[in-house]
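Residue numbers (our numbering), protein chains in the order written: chain F, 5 to 164; chain B, 5 to 164; chain X, 5 to 164; chain V, 5 to 164; chain A, 5 to 164; chain R, 5 to 164.
Keep in mind that the hints are not guaranteed to be accurate.
Listed next, the in silico SDA-like pairs over lysine to any residue satisfying Cα-Cα at most 20 angstroms (straight line) [to be verified]:
#: 1; chain 1: X; residue 1: Lys98; chain 2: A; residue 2: His92
#: 2; chain 1: A; residue 1: Lys57; chain 2: A; residue 2: Ala78
#: 3; chain 1: A; residue 1: Lys57; chain 2: F; residue 2: Glu14
#: 4; chain 1: X; residue 1: Lys98; chain 2: A; residue 2: Lys104
#: 5; chain 1: V; residue 1: Lys98; chain 2: V; residue 2: Glu69
#: 6; chain 1: V; residue 1: Lys135; chain 2: V; residue 2: Ala100
#: 7; chain 1: R; residue 1: Lys57; chain 2: B; residue 2: Asp47
#: 8; chain 1: X; residue 1: Lys57; chain 2: V; residue 2: Arg139
#: 9; chain 1: B; residue 1: Lys135; chain 2: V; residue 2: Ser85
What follows is a list of derived Cβ distance ranges for each label pair [to be verified]:
#: 10; chain 1: V; residue 1: Glu17; chain 2: R; residue 2: Lys116; range: 51 to 57 angstroms
#: 11; chain 1: X; residue 1: Glu105; chain 2: A; residue 2: Glu17; range: 41 to 47 angstroms
#: 12; chain 1: V; residue 1: Arg101; chain 2: B; residue 2: Asp132; range: 30 to 36 angstroms
#: 13; chain 1: X; residue 1: Asp163; chain 2: R; residue 2: His141; range: 21 to 27 angstroms
#: 14; chain 1: V; residue 1: Ala100; chain 2: B; residue 2: Asp132; range: 38 to 44 angstroms
#: 15; chain 1: A; residue 1: Gln158; chain 2: X; residue 2: Glu74; range: 39 to 45 angstroms
#: 16; chain 1: A; residue 1: Ala100; chain 2: V; residue 2: Glu17; range: 25 to 31 angstroms
#: 17; chain 1: B; residue 1: Asp132; chain 2: R; residue 2: Ile103; range: 35 to 41 angstroms
#: 18; chain 1: X; residue 1: Arg101; chain 2: A; residue 2: Ala100; range: 31 to 37 angstroms
#: 19; chain 1: X; residue 1: Gly44; chain 2: R; residue 2: Ile103; range: 47 to 53 angstroms
Which residues of chain V face chain B? A few of them, derived with a C-beta cut under 8 angstroms, are [stated by the list, open to error]:
#: 20; residue: Leu18
#: 21; residue: Ile32
#: 22; residue: Ser71
#: 23; residue: Ala72
#: 24; residue: Ala82
#: 25; residue: His141
#: 26; residue: Arg146
Derived from the structure by calculation, the hints contain no laboratory data.
Backbone N, C-alpha and C fix where the C-beta goes; we use that ideal spot for every residue, glycine too.
Number of protein chains: 6
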Amino acid sequence: MVGERAQTYEADELVEIAANIDDLNPQIYDHVVERLFETGARDVTLTPTIMKKGRPAVTISVLAEPSAREQIAAVLFAETSTIGLRYHPVARLKLAREIKEVDTRWGRVRVKVSRAGDDTVTLSPEYDDCKRLAREHHVALRLVLEQAQAAARQQLTCDD
Amino acid sequence: MVGERAQTYEADELVEIAANIDDLNPQIYDHVVERLFETGARDVTLTPTIMKKGRPAVTISVLAEPSAREQIAAVLFAETSTIGLRYHPVARLKLAREIKEVDTRWGRVRVKVSRAGDDTVTLSPEYDDCKRLAREHHVALRLVLEQAQAAARQQLTCDD
Amino acid sequence: MVGERAQTYEADELVEIAANIDDLNPQIYDHVVERLFETGARDVTLTPTIMKKGRPAVTISVLAEPSAREQIAAVLFAETSTIGLRYHPVARLKLAREIKEVDTRWGRVRVKVSRAGDDTVTLSPEYDDCKRLAREHHVALRLVLEQAQAAARQQLTCDD
Amino acid sequence: MVGERAQTYEADELVEIAANIDDLNPQIYDHVVERLFETGARDVTLTPTIMKKGRPAVTISVLAEPSAREQIAAVLFAETSTIGLRYHPVARLKLAREIKEVDTRWGRVRVKVSRAGDDTVTLSPEYDDCKRLAREHHVALRLVLEQAQAAARQQLTCDD
Amino acid sequence: MVGERAQTYEADELVEIAANIDDLNPQIYDHVVERLFETGARDVTLTPTIMKKGRPAVTISVLAEPSAREQIAAVLFAETSTIGLRYHPVARLKLAREIKEVDTRWGRVRVKVSRAGDDTVTLSPEYDDCKRLAREHHVALRLVLEQAQAAARQQLTCDD
Amino acid sequence: MVGERAQTYEADELVEIAANIDDLNPQIYDHVVERLFETGARDVTLTPTIMKKGRPAVTISVLAEPSAREQIAAVLFAETSTIGLRYHPVARLKLAREIKEVDTRWGRVRVKVSRAGDDTVTLSPEYDDCKRLAREHHVALRLVLEQAQAAARQQLTCDD
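Chain F extracted, bound-state conformation (with noise of 0.2 angstroms):
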């Protein structure tokens, strides 16, 4: 069974950049993130360390197509104080995905349809069109997460 599952993967090659950085004011991280995704940064995170001299530091992490990496680095170099960044390649294994629309009480939302092998399926409703609708409707967002997850789990049923 496994030999089939993995004939539903996709694979590709990104390379994982990273830098540790122990001399940066927090407050500059919201606009390094939007940049590095904006650069083509497909993934970003903030991890919490200690470094040197018990300083609270952040190992920033940054995955991306190999053909990125130049302007990622740059961007890591302007936006950040780190003077030295490392990378290294990773093989990328992604299920297949397709976006559906499913309706809720309050409205439409998008949902991302993932299938690994024959009865594996990810669903992920679209945050910011459950958000907005949260909002306009004045109802908790996790009730239209939940309303989204079922809806898109009974049209899945129906559909197979």
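Following the hints, put chains B, X, V, A and R in place on chain F, whose structure we already have.
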């Protein structure tokens, strides 16, 4: 001396598989981690990180034999909400280890004995043995661990 | 001297409201935090913690006026999965603050100026002003912050 | 409306007991937490912190009935390396809660139902029930939790 | 038994002073912590948190005598960027403690001995003594700590 | 432009060595980190993680020259409780850097000046210089850092 020491390490190759997860109910990690160990994970860590929109996310990282990579990926895709993961090979150094048994005031405990060169010996009392004795005898667990450690150190000195 | 300094602090009383949350989709915190600020929170922190069964949980903590306590509680109960929260009064000391404007090479920035005694002055350039200028002029945000800080320090020296 | 809502909260007083621990083998926390819950703790969190000399320490924090304070303190002093702890009273607000049972495709699950005012209902499927079903039926735990949640929501709608 | 145990605790009252800081160069904490201890802090923790706009912030928390509160506040306002802080009283329980000296293979070490009731004794070898010996004798620090602990335990048994 | 910028980076290869540690007294990390830097580590981070049984563990990660790998491994095996570690090569990009001296109101400070392309210059005042002046002159450390930064920026502008 370093050369001599190096000879006492065992070396092999593992794969490090990781996913950044920002949309999973934290309750589920307990089960995910169990399933990963059952599927051949050698080690699993959950690292708190900050992702997009300031989300308090988790990077789950798994060390495993390269041959277990497909199954580990299948568990991550099935049991978590992630729709992508990454991996890269890592070299592994291990101390040779053997299990000894020692007697504490409260009963017998297994101790993992690992050597790195002439004078470096790491003694790791089996946690579950110590915990069982602590519960049976209503004694503080740290005392049992301490005594098992001391007994193993003494036995080691006598052996040498 | 301490007595003199103390006179420069403003004092009031706040309430600190907290909940330990181990079963909420982390996506939702972005919205929870926004709603809490709209409801009168003075400060909100998300602290990564470990809860029962090793769950990577979050303690959400809110500082608010005592009069806002009921509404803050209502938001936490509505928007998160928590079914319990706790609170206790805290005394608050604040520096007197005023807003000044300074000119940088890229434009005008507001700076919060806070004094604690004779020689301690904290200068906090408005983050959003600096970020806007950084974006408009394609310059690193940390340079704008640095220059706003320097301009405010210089103006302060001239004023004194 | 807030007044009406407030009437649905249950209120009592707890004590929050905490210790900063920077010299304890992390293995032991598993046992400490179990012993604390057995001794009447309502909630226990382990928060990673940085202490003197940059140590990666832990603040252990316990919520308990005031009457359990002495025993909680005794467990902390016996099972951890701490030689001091602190506590302060906190007020507690809780949602009224009841247990319902719902049927999923894989079996029956208990669900904690909590109400905060007219329209806010929190549904918390019992984790251990869901985990047992997931294991017995070789299905992803998150699907069982999702279906239990959906079944409880539907039943709730029918009841109202 | 709990009553008897309780008699062995020393009790006093401290104040817990805290500030959430999201705009300070992390390098500076090393100095802030030193200055706080010099000013009478009994304990200082830096806890990684997430604040507004997803900033990787720090909550600095200080335990101190109530009489030191003004000076602690003055240090926080002078040395950090915070313009507000909060505090509340906490009750403190401490174990009675005394310093003993023990001999290890590498030299003499002071050990803090704390008792909580009949059978609970916490032994804390002085870190700086052990570290000095480890450096002088080129031996692993954990071995010195382990041996100091074992020597203190043995002496304790002989004394009783 | 990116091509031009890239020419200003220095490139080399390092090795990243890591161990997940869940059974070590946190006091010891201070010494471990010192020993690692003495043995050639370029950077060391301690990252709080959650391991098996919910343990509040630490991933220690070391960046080093490939030629220092054996000695770094020997220190980790000698000074920590780990019995296994992993490593993988990483590429490194560094900004060219030089040390300049600037005068502040309180004395001379070295500043590391790093350039990435035409207009991006990172100025890093030497922490230890600034801390010494702050202590000698009883002035807030952040003021010394700020003034050293400002003096370096001004000197830079004059040089260009």
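Determine which of the earlier numbered hints do not hold for this structure and return their numbers in increasing order.
Hints 2, 3, 4, 6, 15, 17, 18, 20, 22, 23 and 25 are the ones this structure does not satisfy, whereas the remaining hints hold.
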